[in-house]
Structures are given as structure tokens and as C-alpha cells.
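Chains H and R are the protein sequences, given in the same order.
All letters in the first sequence, in the order written, are residues 1318 to 1430 by the working numbering.
All letters in the second sequence, in the order written, are residues 5 to 116 by the working numbering.
Each statement offered as a hint is correct.
Only part of the chain H face toward chain R is listed, based on derived beta-carbon distances under 10 Å:
hint : residue
1    : Q1354
2    : S1375
3    : L1408
Simulated from the structure, these hints should not be mistaken for laboratory data.
We put the beta carbon where it would ideally sit given N, CA and C, even for glycine.
Read off the chains here:
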Amino acid sequence: GAGVSQSPRYKVAKRGQDVALRCDPISGHVSLFWYQQALGQGPEFLTYFQNEAQLDKSGLPSDRFFAERPEGSVSTLKIQRTQQEDSAVYLCASSLVADGEQYFGPGTRLTVT
Amino acid sequence: AQKITQTQPGMFVQEKEAVTLDCTYDTSDQSYGLFWYKQPSSGEMIFLIYQGSYDEQNATEGRYSLNFQKARKSANLVISASQLGDSAMYFCAGGSNYKLTFGKGTLLTVNP
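Bound conformation, chain H alone (with noise of 0.2 Å):
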């Protein structure tokens, strides 16, 4: 069956825009994850979602961030007035349950210029 996909996979954004990640969890996943991985880093959670509801954002670096998955099934990664500091892959996972194996789409590769 098909796995997490992303898009875009590589993204370049000018310092200041406003970009917008995609996940398409595996179907029938409840759980869905945002990580942001840093180069040479390992991924660090950024928020999680059961089905539509948001039950933690903590990882969020900032407000300029936002997530959201209005229906249960795709996710979108909102970055807003983008910074350098913001350049790196995201990563998108899901699990049948929470504390599941997370499985893990390609990542969207950001370079902030």
C-alpha cells in the first residue's frame, strides 16, 4: 500500500514568505506527527494530531508555525515570514495508534535564501 508522501520535497523560500507543507498520512493512520530535522540532527517532534484534534503543539519553535488537519487525514505544515534559522527538512509520520511505529514519509527539504 502506499506510504506517507510529502510535498513539496524541496521547497525554497526567500526570507520573509509564507510556505505551506503537505502530509498524506497511510490511510486509516489516527495519528499524525510533524518533526523538523536540522542537518547532522537527529528529527525533533514538532506537534501531533489524533485524527483532526491537535493534542500537542509544544514543539512548535514559534507563532510563526501553525499546523493543521481539518478533516482527520491530510496535514498541512504553515510557516509564516520565514527565517533562516527555519531551513531544514520536515518530516511528516503516522501511526495506527499513538504509541505505534511511526512511519515516516521523505521529508520536504526547506532552504530559507
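We have chain H already, so just place chain R on it with the hints.
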């Protein structure tokens, strides 16, 4: 919250030999899970193996096994019969409920 430590930035192994990648964790939670993921140069994180804190047996998945020593708070990954395709970054992760914390990773290089 979990803290995950991977002390080996890089490891080398000869093809067909076994290799152990180290991972220690620190948590005050009673119930937690430990995971290993592989990240090839293509960037996708691939789930390898899972160990629950209450599991008495070490987890195994094909050529992967997890050497779980609860008293030492370690969850080392053992890869047997290494293959060239095993060359990648390997991340240890741990968490309770839904929130995973990842280590900094170990870059494994398999030499022919």
C-alpha cells in the same frame, strides 16, 4: 521526557560481519518504547525495530536485534551479516505514549 544518547558518530564494519550500535536512554517513565530507524542518503526514515519497556525478550526482526538492558538503560542495535545496503544513518528513539525523542544518530559504513 526521554533523553537519548548515541555516543558513536560513525562506525565501520566489514561486509558480512556483525555490528553493534550503542544507545542509552534516560527517563522517569515506567512505561516506554524504544525504536531504531535507518535513514539512507535519500532521507527517508525507515522503521527497523521496537522494544517495549515491559518486554522481557529482546526484540528481533530478521538481521536486526535489540539488546535491551533495562537496568543499564541501554537499547543497542545489533545488525548481523552486514550488507553494503546497510550503509546509512541509524537513529535510536524513545518515548512514552506518542512523543518520540531521537538521538543524534550513528553513521554506519559497510566496507566490501
